[in-house]
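Based on these hints, arrange chain B on the given structure of chain A.
Sequences listed follow chains A and B, in order.
With our numbering applied, the first sequence covers 1 to 175.
With our numbering applied, the second sequence covers 1 to 175.
Simulated from the structure, these hints should not be mistaken for lab results.
Cβ atoms here follow ideal geometry from the backbone N, Cα and C, with glycine treated the same way.
Wrong hints could be hidden among the right ones.
[As the list claims (entries may be wrong)] Computed list of lysine-lysine pairs in DSSO-like fashion (alpha-carbon distance at most 27 Å, straight line):
{"hint": "1", "chain 1": "A", "residue 1": "82", "chain 2": "A", "residue 2": "2"}
{"hint": "2", "chain 1": "B", "residue 1": "2", "chain 2": "A", "residue 2": "2"}
{"hint": "3", "chain 1": "A", "residue 1": "2", "chain 2": "A", "residue 2": "81"}
{"hint": "4", "chain 1": "B", "residue 1": "96", "chain 2": "A", "residue 2": "96"}
{"hint": "5", "chain 1": "B", "residue 1": "82", "chain 2": "B", "residue 2": "2"}
{"hint": "6", "chain 1": "B", "residue 1": "2", "chain 2": "B", "residue 2": "81"}
[Stated by the list, open to error] Label pairs and their calculated CB-CB ranges:
{"hint": "7", "chain 1": "B", "residue 1": "93", "chain 2": "A", "residue 2": "42", "range": "31 to 39 Å"}
{"hint": "8", "chain 1": "B", "residue 1": "60", "chain 2": "A", "residue 2": "77", "range": "28 to 36 Å"}
{"hint": "9", "chain 1": "A", "residue 1": "82", "chain 2": "B", "residue 2": "93", "range": "26 to 34 Å"}
{"hint": "10", "chain 1": "A", "residue 1": "175", "chain 2": "B", "residue 2": "174", "range": "46 to 54 Å"}
{"hint": "11", "chain 1": "B", "residue 1": "150", "chain 2": "A", "residue 2": "129", "range": "51 to 59 Å"}
{"hint": "12", "chain 1": "B", "residue 1": "40", "chain 2": "A", "residue 2": "165", "range": "44 to 52 Å"}
{"hint": "13", "chain 1": "A", "residue 1": "161", "chain 2": "B", "residue 2": "164", "range": "44 to 52 Å"}
{"hint": "14", "chain 1": "A", "residue 1": "64", "chain 2": "B", "residue 2": "114", "range": "16 to 24 Å"}
{"hint": "15", "chain 1": "B", "residue 1": "25", "chain 2": "A", "residue 2": "155", "range": "57 to 65 Å"}
{"hint": "16", "chain 1": "B", "residue 1": "93", "chain 2": "A", "residue 2": "77", "range": "50 to 58 Å"}
{"hint": "17", "chain 1": "B", "residue 1": "93", "chain 2": "A", "residue 2": "137", "range": "42 to 50 Å"}
{"hint": "18", "chain 1": "B", "residue 1": "61", "chain 2": "A", "residue 2": "175", "range": "23 to 31 Å"}
Chain residues, written in single-letter form:
Number of protein chains: 2
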Amino acid sequence: MKRIAIDMDEVMANTVQHCLDLYNADFEKHVTLADLHGLGLFDAIAAEHHLHVCRYFESEMFFANIQVMEGSQAAIQELAKKYEVFVVSAAMDVPKSFSAKFEWLGVHFPFLPPGRIVFCGDKSIIAADYLVDDNVRNLLSFGGEGILFTAHHNIRETRFRRVNNWPEVCALFLS
Amino acid sequence: MKRIAIDMDEVMANTVQHCLDLYNADFEKHVTLADLHGLGLFDAIAAEHHLHVCRYFESEMFFANIQVMEGSQAAIQELAKKYEVFVVSAAMDVPKSFSAKFEWLGVHFPFLPPGRIVFCGDKSIIAADYLVDDNVRNLLSFGGEGILFTAHHNIRETRFRRVNNWPEVCALFLS
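So that you can see chain A by itself, here it is in the shape it has in the complex (with noise of 0.2 Å):
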């Protein structure tokens, strides 16, 4: 059985959208992930807001709180029947999110065993035959086959195969 790993943030977890959910709030903006077109997320807001968004992701209510991606429960459900599913985590950026990211999983992806989580810094520690990620970065380092997950900052990206959403995963995996 072939193995996907699938990352968290920005694929499974809508936490950008969260993020600039709170950052209009709290500053009376109107900043959306069409602004955020090739760009990161501290790229699109003012550099005297950048540390209190910062403070955003210590709060461990931040992470219970982001909306999943749309259609990831269902597509991933359905990879787990024909794949060794793990999810994978750069979570060592944000120590304090451990235990907070692990009960959203458990919350919104509960058909998911514990052993199949992986909190990790560097991603080329992760043996898999395929990568979903929206980052380069880690599918640059990762040893088997990147795959891009589109996100506003990697819009540019041309070097891996790129999928835009959970059907098209689906469609790549099990058609």
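Same frame as chain A, but now just chain B:
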């Protein structure tokens, strides 16, 4: 540069000894590591105390107070000059331990970058040349060469290269 993945409990951290210290104090017992020869921790503890001992792992303080395995700090610092060293801990069994384990590593192994820490369940997900681990189940599922670090429970195991302590790890990898 070859890569060594190193398990945490019973290899870098003297976890079972700490458990026994608490257990002996709580129940006026005198169980030693030697009494666990060929046994798991719970084989040497009366069944009516299992739940009490399980609860040790629910406390963040439990992890903070675990002693470092003798010789591991200097040895890992030397290994890190010639190998990519990753710490790979099966923390998913005890989700409350993530932050405490991460902090413990920062205190006792400050030279290891956070990006080289991995919390996982199934160690078949680890891409490395070697895995130094006391747990036979982990070595069996690992794709590289498993090196068995001697612990009370694995004393009868013969299927892997064995190292009895950190000087022997250094002799194996650095001589």
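Cβ distance range 44 to 52 Å for residue 161/A and residue 164/B, holds or violated: 47 Å, holds
Taking the Cβ atom of residue 60/B and the Cβ atom of residue 77/A, is their distance within the range 28 to 36 Å? 34 Å, holds
Within 46 to 54 Å: is that where the Cβ-Cβ distance between residue 175/A and residue 174/B falls? Holds: the Cβ-Cβ distance is about 50 Å, inside 46 to 54 Å.
Assuming the hint says 57 to 65 Å, is it satisfied by the Cβ distance from residue 25/B to residue 155/A or not? Holds: the Cβ-Cβ distance is about 59 Å, inside 57 to 65 Å.
Within a Cα-Cα threshold of 27 Å, do residue 96/B and residue 96/A meet the stated pairing? Status holds; Cα separation ~11 Å.
Do the beta carbons of residue 64/A and residue 114/B sit within 16 to 24 Å of each other? 23 Å, holds
Hint check for residue 165/A and residue 40/B - Cβ pair distance inside 44 to 52 Å: 46 Å, holds
Quickly compare the C-alpha distance for residue 2/B and residue 81/B to 27 Å and report which way the hint goes. Distance ~11 Å between residue 2/B and residue 81/B Cα, so the pair holds.
Starting from the range 31 to 39 Å, see whether the pair residue 93/B and residue 42/A falls in it by beta-carbon distance. 36 Å, holds
That 51 to 59 Å hint for residue 150/B and residue 129/A (C-beta), does it hold up? 34 Å, violated
For the hint 50 to 58 Å, verify it against the beta carbon of residue 93/B and that of residue 77/A. 24 Å, violated
Assessment of proposed distance window 23 to 31 Å (beta carbons of residue 61/B, residue 175/A): 52 Å, violated
Comparing the model with each earlier hint shows violations of hints 11, 16, 17 and 18; every other hint is respected.
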